[in-house]
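*Asks:* Listed below, chain by chain, are the residues.
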Amino acid sequence: MDERLNHAPCGYVSITNRGIIMAVNETFLNMFGYDRKDVLDHHIESMMSMANKFLFHTYFYPFIQLYGYVNEMYLTLKSKQGDSIPVLVNGRSRRGDEEEIIDCVFIQMSKRIDYEKEIRNAKTKIEEAYRLKDEALGRLEVLHRDIELKQAELIRLNAELETLAVTDALTGLKNRRYFIEKLDAYMERFAASHMLFSVLILDVDHFKKINDTQGHLVGDQVLRKLAQIMEANLEEPALAARYGGEEFIVLLPGMDARQSKQAAEDLRTAIEQDSWEECAVTVSIGAATVTSEDTNISILARADQALYQSKNNGRNCVTHAADGLHHK
Amino acid sequence: MTTIFTRNNVTVTGSGEKTILFAHGFGCDQNMWRFVAPQFEKDYKVVLFDYVGSGNSDRTAYNEERYGTIQGYVEDLLEVLDALQIKQAIFVGHSVSAMIGMLASIQRPDCFECLIMVGPSPRYLNDGPEYFGGFEREDVEELLGMMEMNFVGWASYLAPLAMNNADRPALTEELKTSFCSADPAVARKFAEVTFFSDHREDLPKAQTPSLILQCSEDSIVPLEVGQYLHRHLKNSTFHLMEAKGHYPHLSHPQETTNLIKDFLSQLQGKSVQ
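Protein chains in written order, with UniProt numbering: chain C, 1 to 328; chain E, 1 to 273.
No false leads were mixed into what you were given.
Below 30 Å or equal to it, Euclidean Cα-Cα: the simulated BS3-like pairs (lysine-lysine) are: (1) E:K42 - E:K261; (2) C:K133 - E:K189; (3) C:K117 - E:K189; (4) E:K244 - C:K80; (5) E:K270 - E:K205; (6) E:K87 - E:K205; (7) C:K78 - E:K244.
Label pairs and their calculated CB-CB ranges: (8) C:K111 - E:R137: 24 to 34 Å; (9) E:E201 - C:N90: 40 to 50 Å; (10) C:Q151 - E:T11: 57 to 67 Å; (11) C:K111 - E:R231: 47 to 57 Å; (12) E:K87 - C:N71: 38 to 48 Å; (13) E:R137 - C:A129: 22 to 32 Å; (14) E:R231 - C:L149: 52 to 62 Å; (15) C:V142 - E:R137: 32 to 42 Å; (16) C:A122 - E:Q88: 46 to 56 Å; (17) C:E148 - E:P109: 52 to 62 Å.
By construction, these hints were calculated from the structure, which means they are not laboratory data. All of these numbers come straight from a predicted model, not from anything done at the bench. Ideal Cβ placement from N, Cα and C applies to all residues, glycine included.
Next comes chain E alone, as it looks inside the complex (with noise of 0.2 Å):
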């Protein structure tokens, strides 16, 4: 199975019987865990990895077919697991991921011990008066556009052409360090899978023990979202953060890495009772 590894970037670290699985979310790669991960390794075997498009995966492994729906990226996450051979794995997913490891988790409940979900969202899209998802549809076009333009090369890439021209040389290795590195095509179908996507109908599927963390005045993902997650996932504790912003691992790693090692002592606690 070395494939799923060098086509995930799998990196494996720590030693311990358990597993922890930090997944990233849109518009960046494992390297957001970097300063949560290490904190772990004592205790759990630590697994990073991207997906499919993101990051130093082997981007010549996408499709738009497969990555047309969040689904590809749900396989990517259960393949990564099963690659390892990981049962009862604790799984830490920040935005989307947190979505895409909630799917996982109701296909294959094998495979997931908890759900530690970072600024979750089920919808991130208003959908009339009952849900508040934080953007309009307009605000999800404007994005796209606004990103397209910061993308290297996105004048000269032309969609049509570049479904038969997978591989386009002008994304060269030095551009890897620029922000928005990642192939259009790619970051956009991503985008679109993550803001058109609703979950909604899933939540009450899913019975993993699950702890949403909600960053207080996130800019993404509103208050009300974290609740309603809350009010709708069996099995789900809520804690909102003092962090703020939408990347809490990135700006305050030390409460992220409490949080969650709190939570898991709780769930420890409840299994040996």
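Okay, chain C solo, but in the shape it has when bound (with noise of 0.2 Å):
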């Protein structure tokens, strides 16, 4: 051998297509610390772990094969003490006097492997680290999901309570609570810019005979009719409400004195002409108009004698609170 090329800064060595090594150089033989007599005429893999063996295998021969050279491949090589050895190889196959030769030079690369590894660790942590931001992530999508379900359930939940709050429960209506609310509305809405109002209080005429007779299912059964009829006959943004027990009570926005006793004759006529089953039902009214001097409570007891006053006109008609005026 040439030597210059015996002591190249590279090591080198020729092998046969098979992997026999047929020549090597001094540089190599130090690097690894082997004996000539070692390596010569053995396959190249003996120095080779089995990792190392299949990606040669792998991609080595195959490549020289179908290319005629391989360029910077990464591999170990095990010196003769045991020691893992990185080198970079290049192999070049060249026609030999009997058969395809395959030169290899090799690089040992101890320094840079090094920097290489410290990469691959940051790299490796890198990974672990955006792992874990999705998994995190991840959790917190899933976690979001959950709330903004359990809000949705709140508010649902808030909305059907704040129903229930006002309504009736036997009816379907609207309760006392929430007609004396709209009622303290319309008395600031009137005290400011004057807007009527009139309400009516609806009693069902011997409403206690029906229980006693009938039962009290049928009892609640007139109550609920009672309201679909009412229902059916008041129009936004008139508002009716059950005041207790066989007691209605209605607001008539917008409505003087006239206009709500008209509506409250049709109410009761829409009631007794209704079909009902067990027993004719048949209600009296009492009505009032807002005045000046009314308070809630004022509106409501005028409104409440001149039931009184229906009552004792033989039930099943309408007085307005302030008929009795004209009759003084």
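Can you join these two chains into the complex? Each is in its own frame, and there are hints to help.
*Replies:* If you want it as structure tokens, here you go:
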């Protein structure tokens, strides 16, 4: 071997097509601590771990067979002492005397591989960090979805509660509490802008008798049906509510005494003329229209008095609080 | 079905009634057959292809779920056969492809006349004292690490991001002639599929006649593995080659070709009788 090649600053090995080492230079032997006899005529694989053998077979051999060269392949070779020494390998095949020969040069890359391993560790850490981030993000997204679902559920429940809180369970009409709130609002509006309104109080005639003779279930049925009739006969913004027991109450925004009395009369007629199966049902009605002296208590008291008057007048009739004034 | 042809870079040459199909193993592509395949063109229709993720296959067709198990590769093979409307193919598979062909023959026996297995192994890892596959788990870990560092662009490749970023501009045309130009994620997954799979349980299910070509001094697949396969595969013929190494079709194309042809003519003889 040429002296300069023998001591060239890189390991040099030539192998047969089958991987048998035919020539080797001093630099290579020094690099790995072998004697010439340790490697000559041996298979190059004898210096490789299983993983390196596989890599060599999977990439180096086929590639050099197909393309005639391999550049910059990273391998590790075992030194005589058993250490793994990282190297970069370039190979080129050439036509020898009898068969194909592959010339290989080896550059030791201990320092370089340390740098690369650092890069690899950093990369692994980044990958791990990314993975953890994605996982955390995934968990947050699940939490976020849960919270959104719970929030929607709360909003729904709240709305349901709100409805329940202002609804009369038996008839489905608004309850007394809601009615009083509305009444207060209309009182304020009247004080501010003189927008008229009237109230009606309805009481079922002889309801106690219906309950006693037909039973409470029929009594309840009557109340429910009355609620339906009232709903059907009143138009927005009129508001019907259950006042308690067999008493109903109606708010008639914008209506004066005459209009409210007409509305009450229409309601009374509608109830009287409806088809009642078990027994005839009629109502007595008292009406009152707001005046500047009224409070929310006094207007109801006046309507209640008018109702009392209707009862006294033989029931199934309408009295407006102002009617009595004319009589007097 | 042009999509399958481009997806798997299918090439068809030769003429003959029968079809012979060559399937490459891990880490390479259909080029591996270039010294062997042409020798069959006179008598057979010769089909070559690349599995998705290898060679000049359509890499956009790769998805980790499908090719995360060997079944994805089995489907590639069956879809290539179906696209060409091939029944009773002569299948030649190297390394992991031998198992891919065998699994495909179990699922669709009508597609295969015989299986020629070059350096096959049902399991690469050692398993207790009874089974010597040649590799310890640490060997495979070392291999995956070394492969990774041989890949172009390994340092900039981040696994968690690559899943959402299928096209990698770093892999340009010129890099395809580099020996590790494959996408590191694809190659790593294929290596895991290859090395961590175990098909010993599937062997008794295979009925198709098979030829096992075992290299002498195969540094990847020990002799014991070839013998194990022969014992557990019905209708199998075992042949220990003079060729050494793990790529007899590259290092000893003539011996490989002759053995395949001999086997085929024997099979022919049997069916004539």
